[in-house]
Amino acid sequence: AQSVTQLDSHVSVSEGTPVLLRCNYSSSYSPSLFWYVQHPNKGLQLLLKYTSAATLVKGINGFEAEFKKSETSFHLTKPSAHMSDAAEYFCVVRTNQGGKLIFGQGTELSVKP
Amino acid sequence: EPEVTQTPSHQVTQMGQEVILRCVPISNHLYFYWYRQILGQKVEFLVSFYNNEISEKSEIFDDQFSVERPDGSNFTLKIRSTKLEDSAMYFCASSGSTRSYEQYFGPGTRLTVT
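Going line by line, the protein sequences match chains A and B. So in the working numbering, spot 85 of the first sequence is number 85, and the numbers just go up one at a time. Remember, the working numbering sits 1000 above the position in the second sequence when you count from 1.
Derived by calculation from the structure, the hints in this document are not laboratory data. Where a beta carbon is used, it is the ideal one built from N, C-alpha and C, also for glycine. A few of these clues could be false.
These stretches of chain B come out as covered by chain A in the derived footprint (C-beta under 8 Å, 3 or more residues) [claimed, not checked]:
#1 1015-1023
#2 1037-1051
In silico DSBU-like cross-links for lysine-lysine, where the CA-CA straight-line distance does not exceed 30 Å [as the list claims (entries may be wrong)]:
#3 A:Lys112 - A:Lys42
#4 A:Lys49 - A:Lys112
#5 A:Lys112 - A:Lys58
#6 A:Lys49 - B:Lys1083
#7 A:Lys68 - A:Lys58
#8 A:Lys42 - A:Lys58
#9 B:Lys1042 - A:Lys68
#10 B:Lys1042 - B:Lys1083
#11 A:Lys112 - B:Lys1042
#12 B:Lys1083 - A:Lys58
#13 A:Lys49 - A:Lys68
#14 A:Lys69 - A:Lys58
#15 A:Lys49 - B:Lys1042
#16 B:Lys1057 - A:Lys49
#17 A:Lys69 - B:Lys1042
#18 A:Lys69 - A:Lys49
#19 A:Lys42 - B:Lys1078
#20 A:Lys69 - B:Lys1083
#21 B:Lys1078 - B:Lys1057
#22 B:Lys1057 - A:Lys42
#23 B:Lys1042 - B:Lys1057
Please construct the entire structure, taking both the sequences and the accompanying hints into account.
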């Protein structure tokens, strides 16, 4: 069975400092992995995806993630946090059969001025 | 830019009542999904739909739930007899194909069962 585990339920950073949101995955197959963001009272927006091409994936708003098979990780990073980055972030794996998405528990990112 | 839309944004209903949640997927997409998020919990898959039939459903998706694509644009989720534990945010998503893996989500419908 496939799954993702987000290692932090809440991360707090200061504006202008780096962001690191951690995600480990479990999959018998080469996984398709995603990060989605959910701003307060908004829907889920796709940040970036990994589908077995380049291991370093660039997404929107300056975010990127690196797929590390040896560590079964897919951590999300951003060099410099902005106040508008404050939101809930979900690491997601897509099942190989049927295509349903399996979500992690979510990490709430707070950005302090 | 095309987007998935959902109506209503918020629905309040009494226990035992039927509700229909509506979604308009992106127009050229072929795969449709419903997910839900109970407050404070993770997003959970409910059902996927392709070629006018259910492709996959979760254990949550019991006989009280049904989905339909009544015309070329709408995709609906019906709950026949709502329970308190059905209170959640319900998200519709669509995908162009299984090869393009991205699923695009609507803004959600918050269902409150009293």
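Worksheet entry | Hinted pair Lys112 of chain A and Lys42 of chain A, Cα distance within 30 Å | holds (21 Å)
Worksheet item: Does the structure keep Lys1057 of chain B and Lys49 of chain A at a Cα separation of 30 Å or less?
Response: Holds, at roughly 24 Å.
Worksheet item: Can the restraint linking Lys68 of chain A and Lys58 of chain A be considered satisfied, given a maximum Cα separation of 30 Å?
Response: holds (15 Å)
Worksheet item: Given as covered by chain A, does the region 1037-1051 of chain B meet the bar of three residues or more with CB within less than 8 Å?
Response: holds (count 5)
Discussion item. For a C-alpha distance cap of 30 Å, please report whether Lys49 of chain A and Lys1042 of chain B respect it.
Written reply: Measuring from Cα to Cα gives roughly 19 Å; hence the hint holds.
Worksheet item: Holds or violated: Lys112 of chain A with Lys1042 of chain B, Cα cutoff 30 Å?
Response: holds (25 Å)
Worksheet item: Holds or violated: are the alpha carbons of Lys69 of chain A and Lys49 of chain A at most 30 Å from each other?
Response: With a Cα-Cα distance of about 15 Å, the restraint between Lys69 of chain A and Lys49 of chain A holds, given a limit of 30 Å.
Worksheet item: Are there three or more residues in the region 1015-1023 of chain B whose C-beta lies closer than 8 Å to some C-beta of chain A?
Response: violated (count 0)
Worksheet item: Holds or violated: Lys69 of chain A with Lys1042 of chain B, Cα cutoff 30 Å?
Response: holds (25 Å)
Fill in: Holds or violated: Lys42 of chain A to Lys58 of chain A, with C-alpha atoms at most 30 Å apart
At roughly 23 Å apart (the allowed maximum being 30 Å), Lys58 of chain A and Lys42 of chain A satisfy the hint.
Item to complete: Would you check the hint for Lys1083 of chain B and Lys58 of chain A, treating anything up to 30 Å between C-alpha atoms as holding?
Response: violated (42 Å)
Item to complete: Measure nothing beyond the straight line between the CA atoms of Lys1042 of chain B and Lys1083 of chain B; if it is 30 Å or shorter, mark the hint as holding.
Response: holds (19 Å)
In this structure, the hints that do not hold are numbers 1, 6, 12 and 20, in rising order.
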